[in-house]
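Each chain is listed here by its residues.
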Amino acid sequence: MNKNLILYASILVFGLAAPFIFPAFKVQLSILCVLIILAVTWNIQGGEMGYNSFGNILFYGLGMYLCASVQVGMFFPLAEWTESGGEKTFVHTPTQFFQGMAAGLVVAAVVPTIVAGLIGYSILGLRGHYFAICTLGLGVAAGEISGGIEIIGAGQGFTTPPFPNVGGLEARGEFFYFCSFFALVLAFITVRAIYSTRFKLILNAIRDNEDKAEAMGIETMKYKIIGWMVSAFFCGLAGGIMGGLVGYIDSTDVAFDGREMGVFMVLMAILGGKGTLWGPVIGATVFHIFKEGFWTLFLGWQYVALGVLIVVIVIYFPEGIMGWLREKYPERFGEVVDEADRKAQVELK
Amino acid sequence: MKINKIILSFVSAVAILLSSSVVSFAKVVGDKIVLGAAISLTGKYSSNGVHTQNGYNMAVDRINSMGGVKVGGKTYKFEIIYYDDESNPKRAAQLAERLISQDGVEFMLGPYSSGLTKAIAPVTEKYGVPMVEANGASRSLFTKGYKYLFAVLAPANLYLDVAIRTAVELNGGKGVRIAQAFEQDAFSQDVRLGILDAAKETGSEIIIDDKLPKELNDMAATLVKVKQMKPDVLVVSGHTKGALTAIRQIAEMKVDVPMLAMTHCDAAKLSKQHGKNSQYALCASQWHKTLTYKDNFFKDGMTYAADFQKEFGYDPPYQSAESSAALLVFKDAFERANSFDQKKVRDALAATNMQTFYGNIKFAPGGQNVDKPMVLFQVMCDGAGKCENKVVAPLKWASAKLIHPIPKWSDR
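So the protein lines, in turn, are chains A and B.
Letter by letter, the first sequence follows residues 2 to 350 in our numbering.
Letter by letter, the second sequence follows residues 26 to 437 in our numbering.
Extracted from the complex, chain B is given alone in its bound form:
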């Protein structure tokens, strides 16, 4: 049986391959602080994954060029090892293991989306690797007692809470009739929970409650119902694809609804892609460039937006801004800890209290940022068809007045 020889040699080849690839470079090499990140470069979250990566890269370049991170009297530069998680939680968990146990990474940046963060958090927690994440907003991430997870963003259930409350207010304090459709994923379902809470508190009624598939290309069934039942508010959330699909089909089917509230409008570049069709859409956002927060690295939102535009050729969505902010938080924590000890850095992170161009950052014991409210912007177009996102709520930041109700398609 010579076949055995083939198999034996094959097995030994695998063994040799494995042993030869055991390379481990520690997190701090020379003057570099190596951070690990699994990012969705392919798959359904790829566009947001790239926004995230651009945000990280932008901040790394900026911090490095402005003197880097000073720890123990020495200056260090940031470097990030990226892997592609393919928008798949299974892959993300695997990559987190790989970054930590094979690449020797001791500090992590978050992936894109709540689902993937949910898959990675148990791994980083197990190894005691501090992770600052900028794109996992699911509320359940912050109730698990994770000690090494820090999120610079507000939790998902707050995303569209403001929209419902505004609608109720405009309705003279009476409850409204809500139609909602959410993608079947951790983030969107969490936004849904937020709406359910808001509806309960304001005495609003949910008349349509649909689930949308993950590969979201069609929601006509929901829109037909919306046409029939005429709700006061239509809420849609399903990442970038959800926003694009909703606008495309609402315009095609000429669905009239007084208020349309969504997420991910800026990531989807709605105002650019759909122009006037996206007009009046109300969008939840973690950040907007017109907000007046400041820091030393990016100055303020407008400067950040201009620099980002110069570097990557498009207006930064909030996903990029919050990702950049994650690096600022890390830098701040390293310098305050004045050490690369994971526990000390973790404690420094927990004590973070700072302002960045993206907003104030202060972590609750659960790890979520409690010092930064969500904003709501509305897509507004001028006569020439040039559309822009303008902040309409909360009033403190508003740069335009909310247009309500949305004019009927026949009058547009």
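Bound conformation, chain A alone:
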């Protein structure tokens, strides 16, 4: 436990100091935090529960639009803000901006949670591929529908309120970094807390054999919905922050970005090792670093490079980075290894 504390404390200190040590990387670090949140929360469904959800992007996009709409709507008429591609200009005072953002983030987290609860009841009844396809459709549909809603800018996009003129050039980056970092800390603590309870065992039971779990008297639906609501809460929060950070929301390219974010969150969790607490964190970090690197080194070919990376991972690390480490150094993961038993297995092969 003691060692754990040191680990968490050092990561926390690193996180708090990062924007000052690497001021040029604030935006990338903020995005990294968002990516980690998405990967960690996706892992609740995809990793622990065995439900491959492509629909978590729905909550992310919803959070993004909601946060921006609340931030604008609290002080100005939203319809006029977005009319004709945002032709009219309104300026938030610093107080208005931060109040709006705070309220926006609350709404961005709460509403998707409720939505997850409502749609979860029907959608989580599906299993396997049917669930995956259905959730895939959710994201796509949300993108197309939001692209037709005039009040949030429709196809013209939604320019979020510009950061007020306080605290100099670095203030904006620092503000969004700390927003995303605290959201990440909150998400991680929450997920870690629920993983240390019976809840995780139930999720695992659902993954391993849902019918048996039900036969044992577990109300699987209840836990599936709660799990999804937790994911939705943090996806919405992450979306709200990301909207402010990007400054411009487009229905299919930024908000309901299933082709990128929606796939990335799955990829990152698998890369790091799904079904582990740290796997998605490591996966997201490695993924982000590689992606940024590829963008510089293989201009125009970055997706090819990324594709090769994915192929390599699938072939050589099918269990993800954490899974691979676990197999290689089981004792480090607190697993007891009986050498004689291991040898016997090897010989059997």
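Certain hints may be false.
To be verified - Straight line, CA to CA, 27 Å or less: simulated BS3-like cross-link-like pairs of lysine-lysine:
1. B:LYS169 x B:LYS324
2. A:LYS89 x B:LYS301
3. A:LYS89 x B:LYS99
4. B:LYS294 x B:LYS319
5. B:LYS421 x B:LYS294
6. A:LYS89 x B:LYS169
7. A:LYS89 x B:LYS225
8. B:LYS301 x B:LYS266
9. B:LYS172 x B:LYS369
10. B:LYS319 x B:LYS279
11. B:LYS225 x B:LYS421
12. A:LYS89 x B:LYS236
13. B:LYS421 x B:LYS387
14. B:LYS255 x B:LYS426
15. B:LYS426 x B:LYS199
16. B:LYS151 x A:LYS89
17. B:LYS368 x A:LYS89
Stated by the list, open to error - If you want a taste of the chain A side facing chain B, the calculated C-beta under 8 Å gives, among others:
18. ILE32
19. SER85
20. GLY86
21. GLU145
22. ILE146
23. GLY148
24. GLY156
25. THR160
26. ASN205
27. ASP251
28. ASP254
29. VAL255
30. GLN303
31. TYR304
32. ALA306
Honestly, the hints are just simulated from the structure, not real lab data.
Here a beta-carbon is modelled for each residue, glycine too, at the ideal position from N, C-alpha and C.
For this one, chain A is given, so just place chain B on it according to the hints.
Frame of chain A, contents of chain B only:
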């Protein structure tokens, strides 16, 4: 718990990686002026992104080989750092940050498309980085009070304004019935706003008003309606894919409409790709090679087109021409400012008043170019099936007479 060690070492590895990659080269290194640009090299705007990049490169080579930029008695050469924004606004905003805060770029060139420019402009504005952009035409870009954004092109709402007015004129001044379909993106929706304004002013009626998806491969539903309702004008806008899809399906479905007005015909190389099927299409363009503007670097449109053809193997669409013009504007501004101070360069940009092969350039306080009208060309084919774009409006530049109405498919 040895796992902690793994994670700790991982965290420190990330930290080391980050700190080792903090490289910052300033905008002016030795004799180079480094400009930054996020360009769509992949994704849905990739073909136009490449047109943009070719335009930039062409101008950089030309300016550098003709003596470069003279500031403070010294000669500098242009260099551009490119990143691929994947046609994604989120990525574009991120890259603008990266160019400015990590690569130390102090002057930017614009990306392709209005949506991406909308995402980048707040960033450049925040850092006070002057950006000359050539491909973000959305009207709302110029009402935000941006001080560091300059666009060499005419705003999007003017693109097809001329087409509607011409149709009304040919209709004896009476309003026409318009069918329109626009992609769900910032630029096309702005073109739509322009049509709405023109329709209102001319008393025209909009009978079909459809939205098209971003990955535009099918617009049959709209065309079925067009067949039924027989409008006087059909307006379609959706970047390159929109133009290609419209022509392909209009030909397949034999849709008869007296006037077909579009955008991005030249970027889509319509006359080459669809040959006679694209005949009579009316296209809005920022530039055409037959226009008689002149400058010292590219001489005129025809020479530019010939040089471009030699270098890249295709006829330059206006996206390339306007991108080249952006560099000419930058060069001019640097020399007039005689400094690399961002504020001074910005003021020099604001005072720009010049002619380039692409057109006159003079910026309104909002940043848009107010000194260059749009032109309208029509795809015209000869008997052998060789098609060419000919300017038909405004009359001052016209090299051919507008063919109206478009003959029915049964008579072609």
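To see whether the hints hold, each was checked on the structure:
A C-alpha spacing of about 35 Å is found between B:LYS169 and B:LYS324, which places the hinted pair above 27 Å, so the restraint is violated. For the suggested pair A:LYS89 and B:LYS301, the alpha carbons sit about 44 Å apart, so the restraint of at most 27 Å is broken. Of the pairs offered as hints, the one joining A:LYS89 and B:LYS99 is violated, with about 44 Å between alpha carbons and a cut-off of 27 Å exceeded. Pair hint B:LYS294 plus B:LYS319 holds up; C-alpha atoms about 25 Å apart against a cutoff of 27 Å.
Distance check on the hinted pair: B:LYS421 and B:LYS294 sit about 25 Å apart at the alpha-carbon level, within 27 Å; holds. The suggested pairing of A:LYS89 with B:LYS169 holds, with an alpha-carbon distance near 7 Å, which does not exceed 27 Å. In summary, the hint linking A:LYS89 to B:LYS225 is supported, as the alpha carbons are separated by about 21 Å, within the 27 Å threshold. Taken as a hint, the B:LYS301 and B:LYS266 pair is honoured in the structure, with Cα atoms around 18 Å apart against an allowance of 27 Å.
Only pairs whose Cα atoms come within 27 Å are accepted, and B:LYS172 paired with B:LYS369 is accepted, the gap being roughly 12 Å. Using a Cα cut-off of 27 Å, the hinted pair B:LYS319 and B:LYS279 is violated, with the two alpha carbons roughly 42 Å apart. For the hint linking B:LYS225 to B:LYS421, the alpha-carbon distance of about 26 Å falls within 27 Å, and the restraint holds. At most 27 Å may separate the alpha-carbon atoms for a hinted pair to count; A:LYS89 and B:LYS236 meet this at roughly 23 Å.
Of the supplied pair hints, the one linking B:LYS421 and B:LYS387 holds, its CA atoms being roughly 20 Å apart against a limit of 27 Å. Under the criterion of a C-alpha separation no larger than 27 Å, the hint pairing B:LYS255 with B:LYS426 is consistent with the structure, at around 24 Å. Between B:LYS426 and B:LYS199, the direct Cα distance comes to roughly 21 Å. Compliance with the 27 Å bound is thereby established for this hinted pair. Taken as a hint, the B:LYS151 and A:LYS89 pair is honoured in the structure, with Cα atoms around 19 Å apart against an allowance of 27 Å.
Straight-line distance between C-alpha atoms of B:LYS368 and A:LYS89 comes to about 26 Å, which keeps the hinted pair within the 27 Å bound. Against a cut-off of 8 Å between C-beta atoms, the interface hint on A:ILE32 holds, since the closest Cβ of chain B lies about 7 Å away. Checking A:SER85 against chain B by beta carbon gives a least distance of about 6 Å; that is within 8 Å, so the hint holds. At about 4 Å, the closest approach between the beta carbon of A:GLY86 and any beta carbon in chain B falls short of 8 Å, and the interface hint on this residue holds.
At a threshold of 8 Å, the smallest CB-CB gap from A:GLU145 to chain B is about 7 Å, leaving the interface hint in force. A least Cβ separation of about 11 Å between A:ILE146 and chain B goes past the 8 Å threshold, and the interface hint is therefore violated. At a threshold of 8 Å, the smallest CB-CB gap from A:GLY148 to chain B is about 4 Å, leaving the interface hint in force. Restraint check, A:GLY156 versus chain B: the minimum CB separation of about 3 Å is within 8 Å; hint holds.
For A:THR160, the interface hint holds, since its Cβ comes within 8 Å of a Cβ in chain B; the closest pair sits about 6 Å apart. With a cut of 8 Å, the hint placing A:ASN205 at the interface with chain B is violated, because the nearest CB-to-CB distance is about 19 Å. For the restraint placing A:ASP251 at the interface with chain B, the shortest Cβ-Cβ distance is roughly 5 Å, inside the 8 Å limit, so the hint holds. At a threshold of 8 Å, the smallest CB-CB gap from A:ASP254 to chain B is about 5 Å, leaving the interface hint in force.
Given hint, A:VAL255 at the interface with chain B, holds; its Cβ is 5 Å from that chain's nearest Cβ, closer than 8 Å. With a cut of 8 Å, the hint placing A:GLN303 at the interface with chain B holds, because the nearest CB-to-CB distance is about 7 Å. With 8 Å as the threshold, the beta carbon of A:TYR304 comes within range of chain B, its nearest partner Cβ sitting at about 6 Å, so the hint holds. Look at A:ALA306: its Cβ only gets to about 12 Å from chain B, farther than 8 Å, so that hint breaks.
Hint violations for this structure: numbers 1, 2, 3, 10, 22, 26 and 32, all remaining hints satisfied.
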